[in-house]
Each structure stands twice: as C-alpha cells, then as structure tokens.
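Visitor: For reference, the chains in residue letters:
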Amino acid sequence: MASGNNLAVEMKGITKRFPGVIANDRVDFELEKGEIHALLGENGAGKTTLMNCLYGFLNADEGEIFINNKKVEVTDPNVAINHGIGMVHQHFMLVPPFTVTENIVLGKEPTENNMIDYKTANQNVRDISKQYGLNVEPTAKVQDISVGMQQRVEILKALYRGADILILDEPTAVLTPQEVEELVKIMESLTDEGKSIIFITHKLKEVQSIADRVTVIRSGKLIDTVKTDTVTTNELANMMVGREVILEVEKEEANPGEVVLEVEDLYAKNDRDLMALNGTSFSVKRGEILGIAGVDGNGQTELTEVLTGLRKKEKGTIKFKGREITKPQTKRLFEEGISHIPEDRQKRGLIMEFKLYENLILGRHDRKPYASGLNLNNKKIKEEARRLIKEYDIRTPSETVQAKSLSGGNQQKLIIAREFDRKPDLLIAAQPTRGIDVGAIEYIHNSLIGQRDNNKAILLISLELDEILSLSDRVAVIYEGKIVDILDIEDATEEKLGLMMAGAESEEVKGGGQVG
Amino acid sequence: MLANLTALLSTTLRMATPLILAALGGMFSERSGVINIALEGIMLIGAFTAMAGSYFFSPWIGVLAAVIVGMIIAAAHALVSISFRADQIVSGTAINIFAAGITGFLLRLIFGDAGQSPSVQDVGTWKIPFIKDIPVIGGVFGEQIPFVYIALIMVGVSYWILFKTPFGLRIRSVGEHPAAADSVGINVIGMRYIAVIMSGFFAGLAGASLSVGLLDLFVKNMSSGRGFIALAAMIFGRWTPQGAMLAALLFGFADALQMLAQTIGLTFVPRQFLLMAPYILTILALTGVIGRSTPPAADGDPYIKEEV
Amino acid sequence: MVDKNISERKAKYLQKQRLVDLIVPIIAIIAGLIVGAIFMLIIGAEPIKAYIVLWNSSFGSLRGFGEMLVNTVPLIFTGLAVAFGFKIGLFNIGGDGQFLVSYLAAAYIGYMFQLPMYIHLPFALVAGIIAGGVWGGIAGYLKAKLGIHEVITTIMFNYIALHLVGYLVGGPLKAEGPLPATPKIFDTAKLPRFVPNMRIHYGIFLALAVAVLIYYILWKTTFGYEVRATGQNPDAAQFGGINVARNMVLAMFISGALAGLAGSTQALGLEYRAYQPFGFVGYGFTGIAVALVGKGHPVGVVLGALLFGVLSRGAMMMQSMVGVPKEVIEIIQAIIIMFIASEYIFKYLARKWRERKGGVADAS
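In order, the protein sequences belong to chains A, B and C.
Using numbering that gives the first Met the number 0, the first residue of the first sequence is number 0, and each one after it goes up by one.
Using numbering that gives the first Met the number 0, the first residue of the second sequence is number 0, and each one after it goes up by one.
Using numbering that gives the first Met the number 0, the first residue of the third sequence is number 0, and each one after it goes up by one.
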C-alpha cells in the first residue's frame, strides 16, 4: 500500500453475490479524508450493498478493504465501528420505545457499578450534539420525535462511537428541502471537524450541490469516480443509466374528458393516529394524467389507501363517476372500475409464493370467468394467464412458476397486466417504477400514456419529480396532507414545485420566483 | 379465621413460586425476541432431575442439576429456533412432547413405576428470625420453602438486570429491533442464545421447586400446565419482573383458594372456576379490558441478517 | 412472451426445493426411529425386534389394523385443523381445547335428545362442529380484530375448556353413579361400527371425506384462494379486496371445527359418553406433528395421521411385548417434529453442497 496518501477508505475489487445476482462486481472505491463523496447509482445498482460490505453488515465474497491505509477484515459492524466508521441507514436503526440517549449509547453504555450511568450518558449526548450543532432532547422517546430528529439521533449515534467516517444512506429521501438544507449544513460542519462522509444517493442534483467527488455505480459495476465540478448533470445521468435519460416521454397533447374522480376536503389519519390528510381536494378527468408531487410522508400513502378502501376516511367526499362513495370498500371500488398499482409490489401487489396465474386473478378471483359460484375455474384461469403473459410481454418459462422467481421489472409487468386487464375507468399508480430497471421503467411509462390516450383517468403518485414532470398533464403538489396548488404542466417548473413541496403557497412561489 | 387467612396467604406464596420463576424465564426469552412455550417441558424435566438428584445425592445437588439440565434443554430450543430458524412454537411444542416422553421413560426405567417416584428428601424450609414471630406476616413469610425466597430475590435481580444494566438494555433492544442492535455491533444471535438459556435456568429452578420444594417426589406430568400459566403471568404482567410476580401471586391466590375451599369444604364457587381464572384474566388483559399489554416488537421473529 | 432461457434455471431450482419438501419429512421419520432405537438400546431392548412388533401391531392382524385406524381418526381431524390454520397463517395450538368442548357437546346432544338416527347423528355432529368452531373462532376473532397472538389465546382456551368441561361433566351434566361421566348416548347418535367385534367406526370414512373436502376447499374454491392468499401475504390479500379479518375468523372457526370433529367422533364412535378429563389427551398437540409431517397438505395429513396412528398403537404393544416404555413413542414424535421444523438447515446444507459441487457459477 502506497503510504503518505490521504485516503480514509479504500475498497479494492469488491465482489458480493446473492443467489441469482452479482450485487457488486469487482468495485473499487476511494474516500479521501475530509471530503464529501457521493455514491451515485440507480435503485438496485449495488450502492447500499457496497456500503454494507464496508460497514460489515455483509461480508464481501472477494476484495480488500483498507481503512486509514490499513488492511482490515470487516467481518461485522463492530470491526467497522472500531475503525471509526459510522453508518446512518436509510431505514433508521432506532429502537422506538427507547429514549434518544438509550439509542445513542446502546452497545457502548457508560457504566457505574455495572449499571448504566444515565446521568453521564445524557450529558455525553448533550455535549456531542452541541459540538456539531445537532439539537436533540436526550430523554425523549424516539417513537415520539420527528423523522428529521430521528436522523440526527442516527448521526449522533455514529459520532458517539467516535466515527471519523460517516456513511449516509439516502439521507434526503425522507426530508423536506428545508431539512435537507440543515442536513447539508451539518455535513459541512462535520467535514470542517475533519470527518469524511460518504453519501449514497440516486438524485443527481444533490450530488452536484453537496459532494466534492462522486463515484458512479451501474448494475453492480464501477463506472467512474470524478470531481463534481468537472461534470454536468447530464453527463452524470449518462454514467448512471448508461444512455441519455429520456426525461421527456413521447406523448401527444392530452384530450381530457369528463371528471371521473372528485375528491373534496378529505381527512384521514395515519397509522400513528395523527391526521395525515388535512382537507385534500382535487379531481381527475378522463384522458389525463394528474401527477401528485410531494416529499415522502406528506399523506401520499394515506391518500392512495383511502381511495382504494384500505384506510378509512375521517371526513370529506369522494365522488367516482359522478356518484358519491360514502364508505369506500376495496372490493366494491375495484368492481366499479378503479385499478391500483401499489407502491410496494412485494408487500401489496403480489403474493410472491403464488403462481403467476394465481396472482393474475387477485381481486377478481370470485368473478366470472374465473369463478362460477364458489368454485374456481382453474382451466380458464390458466388460459387467461397465458394470454396476459403474451400480451404484456412478461418474461417467464410458464404461468405455473411462482411470482418470486421473476425479476422486479417482470413482477411489475405482472401487476400492470392484472390491473389494466380489469379495464378500469380510473388507474391509481403509486410509485409505479420504484426499484426497477430502466427498460421496464420506459415500458411502464409508455403503458401509462397508452392508458391515458385510451381515455382512462390516471392518478400518478410519485416521489420522483422527473417522473411527475415527464408524464403528467397537470401536477398537484401535496404538503402536509393538503394540495398546495394544481398547475398545468406548462407552468410546472422544477423550482416552483420544489418550493411548493416545502410548503410554500403558490402566490409566494410566484413572487419568490421573480426575485430569484 | 385468622389461621385460615394465614394458611391461604402462605399457600398463595408457595403456589405462586414456580409460576414466578418460570415467568421470569419466559420474560428474558421473550424480551430478546424468542417465544418460549417450552417452559412447560423444561419445568417438567427440571422437576424430574431435581427429584433424581435428591434420590441419588442430595436435594440441593438435585436443584443444581435441574438448573443445568434446564439450561441444556433451553439451549436446544435456542439452537433449533434461532440458528435453524425453526418456528419457535413448533420447537417449543416438540420440547414439551419430548419432556413428557423422557420423564415418563426414565421414571419407568429407574423406578419401575409409571405414575410417580418414591419419596425423596426435599430441601426443607428456611426460617427467617424475627419475621417468623410477627403474627400473620410471620405465618406467611417467616418459614417457607427456600424457593419462595429465591423467587422473590430473583424478581429484584431480574428487574435490575433488565432495566439497569447494559446487558438488559441490549436484551431489550434485540427483542424490539434486532437490526438496530446489530448495527451497533450487538451480537443479536448471541444475546438471544443467552436469554433463552437464562429462561432454561429459571424454568429448571421452577421445576425443582415442584419436586423437592412443594412436594418431595416426582409425579408424571407434574408441571400440569404451570409453564403455560407462567406464560400467562408474564403476559398479564406486561413482560416485567414485578408485573409477572404480581400476576403469579394473583394466580397463586386463585389456586390456594381452590385448595383451601376443598379442604374446609367450601363450595360456593366450583373449584374449576378458580382454576380457569388465570387464563380468563390473561385473555381479558390482552383484549385491553384490564389495560392492554403489548409484546416486544420482534417477539417471535427469527433474525435473518443476510438474504440467503 | 414465454422465455425459456431467463428463468429455466430458477424453475429447476424451485423444483429442487420441492424435492426437499418431500425428503425432509422422510429424513425426520428415519431420524426419529433411530433416536428411538438408541433409547431402546439404553434399556437393553432390541430395537429391530421392537420395530417388528410395532409394525405387526398395526399390520399383522385385522384387529390390529382396525385399532390403529381408531387411533388415526382423531389425528386426521386435528392434523387437518392445524394444517388449515397454517394455510391462513395462523397457528392453532388449541386443538385439545376444541376437542374437549366438541366431545362434550356431541355427547350432550347424544343423550339429551331422542330422535331418529338420520337426524340425531348429524345433529350431534353439527353441535360438536359448532362448539369446536366457536372455540377456535374466538381466537380468530381476537387475532383479526385486536391482533392478539392466536398461540397465546388458543393455549389459554385449552385450559379454560379443560376446567369448563371438567366442571360440567363432574357437576351439572354428571350421570347418576360413581363414574365421573355424562349419561350414555342413545344408539341413534352413535357412529356405527362396521366390523363385528371391532371398535373401528364410520368416523374413519368421515375423516377421509373431510380431508377430501378440505383439499377441495383450499384449491378449488374462491374461499380457499382467499385463505391461501391471506396466509401468504395478508397485505396483498387486502389490497385484492379480500376481507382478511372475516376470513381469519372463518378459517379459525373451520380449524376449530375440524379439531372438534376429533372430539365428537371420539364421543359418538368410541366412548358413547363424555368422561371428565383429567388432562389433555394430546390429540391437538400430536395434530401439529401430523400437519408438519404432511406439509400442510390434506393427503400428507392423512399419511401423517396414519404414521402417528401406527406409532401410538405400537407403543402399547411394544411395552407389553418387548418391555419398551411407551413413552419412547413420544420421544420419537418430538424428534420428528424437531427435524421437520429445522427444515431450513437442510435446505441450507443442500444448497451449500450444491454450491460446492457446482462451483460459484450456480450462485450467480
């Protein structure tokens, strides 16, 4: 190992295999001391896997890891922690009923007479949080504090363990733009103190505005490591997906017809019994795509669930095809002509252990021609399955394999086949392209446009602003359970939407837009 | 009347003792995320071992042996349900069936009797000076089988371990959010092994309290559901040592009342209703009729670290 | 587009998994018998001889075969009960309690009423089905509505049933005389016996018919589809418009009713009255083993019930003829359950072995 360089981390030739996939294929990675280094790639490109290998959550099958120029076998997180690495996971690793302090000191508790010394522990937490400008309440329970606060607790957890190298996994996914700004400040103050930061992301703009250098990974392979000020966003996008990103989906002018869905003053609670929808109102017409843009956690999930009968509404009216639906029930709604592509295909969309033909009838399994009376018509079901597999180009050896044996993209096609085949009047697509490859994304985008041109009403709920902008005819921005404003696509610029997503009224946005 | 009251409370304490001990065991296991319905079987094996130990050596060697064997059986539950990722209920069920089989088998083999063992020496009683001279209280606490005192002390010790020590914090973190514990370098699998083996310690001790404490012999299937009542006490007591103890005392009281009613010929309530009470109360506690109790978040879930 | 290349290997892999599904129970049974043999050796008995006795006790004579079937009947029902619960993702560990309430309910109808057989017998059976069904259904309801773990509630309900039935049979429903039992049922409520001088009764045909019915329900009806969908992925099932809560209650009712049938047929076909229970007979717990050996499939359950029927029949004979304590059978049973439950480790070892054989390429 060449000495005298300034590397905090060096990973060489890392390979990690899972049954059926190579998640990392001989990847090299370097982190310089004191830098913010972005690790960029699409969902499923292998970013998190690489970092899990560095942190010891996973063990690489091949390759070497050097920390501060010393070769280290990172067999488990303890080794990483001892070498000054801390990781803030995308899904927070916090114990909800524990206090902030308990979460931070867990595994490294200060003791007195074999007992946890809570006084010292709380003081330690206060000290560190002051040092880096992270305000937290040590005795609050984690289940009672906000998401942004929880993220700080995660960062403090790493700092408490003396981390010099921080890995942040998609830290901005759950934050509002304002919270992102604060996070950036925190990151800068950390590097000022000599810490080095790796942050994992798939958002191009963040890379440019936050990071010093960027390493791009595609399909488990290293593409390149470059300084952020030497590349353009477009070049980064190219590196990430391997070709020009088609931000503009080819589509004709929309030709909207009558209103299919009308939502007025809708209120609903979330799982924690807090109001998540606070008077949401909008409408969707035939032949148009209404996009709902917003930061994660502003009521999108609850909205989808209320509209599909999975969650009960507190107040407000839902009119579908001109008739009010007083008590939305999933089954009834489906039968009346609502289809739904759920945001989590493995959790909601498919039954992974079921065979394809069984999955393809979910939701209409008790209707003709799939059932007669109480009996299933298995012959007809399989026949129909073969037709759908052909029609929707689902890559599979046969209709009798389990859904879990398909790739993510083909699983999504399976759902699309089922939902489109219902011939719905309204299609609710929630995050329809999350975690699938670019080819499948394109297919799904084109299918949605196709359905629109087929005179269906489409409600698209997505966290990807690009997706919203390229598909929608009108864009509604949701913030804290309320629609801030609805813009025609011609008026919807990324800047405007960004500000509205942070809760700014559209009037302010217009004024602010002129000043800026 | 006073004599009856003293007898009632004293019996309550004695009947509650095996329940307290086994409930503490169940609590450690479940706090770490492993359901242990094998308490019943481990108690049974513990009872047999203690009796055999007393028969061949001495009662206290019997107790020691019961505790060790309890930990070994619990380790088997840990191996199968943690490392082999077997369903924890299924593994526990298998151990319970095994316990009934092996104790019956050995009973026949060693003592040639299918029903019960010969009488052995029990551990006797401990007299507490001063306390034993106070009226009523002396009758209840002054002279009891040692297991009563051990159980009460263990409640305090367990509380201290679970809520005051780093070890306890880690056990609880593993049962609530194993991935979070893993991410700070806590050995989830290791902690669960320790917790389950601890439950074997307590269940073995509870078993010993039956055969060389409450009685001085082993009767086939003598745990007769106490492992499950202990489980109920643990739930009723919301997975805390003090709560489990109070619940066990309540259940022990129902049992003592039932026994007393029988001996003095009171039949105002059928004894079966008193025997049922613990189970009904536990269901009510779970439904929220008497304050809702919720288990640790990861209770019963195997921890799978790497998608394999 | 059916694409042979992409997933052919995956399909093959899944086929191998299915093979493991079959092999594991067989390995488990062999392991159980080996462990049993070790225990026999410890006490100086000859395992081969004992196992020959075991075999002959069921298959050596018509009488033995009939007695074995008598043991098998309740196990088919409790095995189906557990298996049906598994299918909707619930663990019905309360078979013993459901057994008892149905046992008493059927006997009660059997002696309380005097009716023609074609009404009386079905009436008694239906009463048993309802009693067991309600006993299981409550646990289903508490799970569906309040999220209370069904294992806890069914355990609690086992003991409530034990003491409740104990109270009723020992008190209000007790027949005159010293025996702690209900009066005898009328002939019109009896499940007839069909071989002279043997105890085997029509319950065996009822059990086989019910196994077929359960198979049909699970794989040929929309309700079965909903049950399986709910068991595999309740979120997706709900998303598909399936009423998960209702199905859970219904499925636990059916599971309880199945375990209940074990009790009813015992009362109506064998004992002709209900005795006061002093503990659990254990059919519910053995039902878990039966369902596991049968991989939750009705055909497997019938085979599993036969296996345990043979074992329990053999246990008595082995004890009287070669001096092997009958508890050995419980040990064998426990070992079989342990091995099947540890299936993961077999799959893990099988994969490791394949990987070593096939090199790294197989994993990619």
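Keep in mind the hints are simulated off the structure, nothing from the lab.
The model shown is predicted, which means the values in this text are computed figures rather than measured ones.
C-beta: ideal position from N, C-alpha, C; glycine also.
Treat the hints with caution; some may be incorrect.
[As the list claims (entries may be wrong)] Across the chosen pairs, the derived CB separations fall in these ranges:
1. B:114 with C:274: 11 to 21 Å
2. C:47 with A:389: 58 to 68 Å
3. C:274 with A:335: 50 to 60 Å
4. A:321 with C:114: 53 to 63 Å
5. B:261 with C:47: 48 to 58 Å
Visitor: Would you mind marking each hint as holding or not holding in the structure?
Guide: Checked hints:
For the pair residue 114 of chain B and residue 274 of chain C, the supplied restraint of 11 to 21 Å holds, since their beta-carbon distance comes to about 19 Å. Hint check: residue 47 of chain C to residue 389 of chain A, Cβ distance near 59 Å, so the stated range 58 to 68 Å holds. Between residue 274 of chain C and residue 335 of chain A the CB atoms are about 57 Å apart, so this pair conforms to the stated range of 50 to 60 Å. Our hint of 53 to 63 Å for residue 321 of chain A and residue 114 of chain C holds, since their Cβ atoms are close to 58 Å apart.
Look at residue 261 of chain B against residue 47 of chain C: about 50 Å separates their beta carbons, and that is inside 48 to 58 Å.
Consistency note: the structure conflicts with none of the earlier hints.
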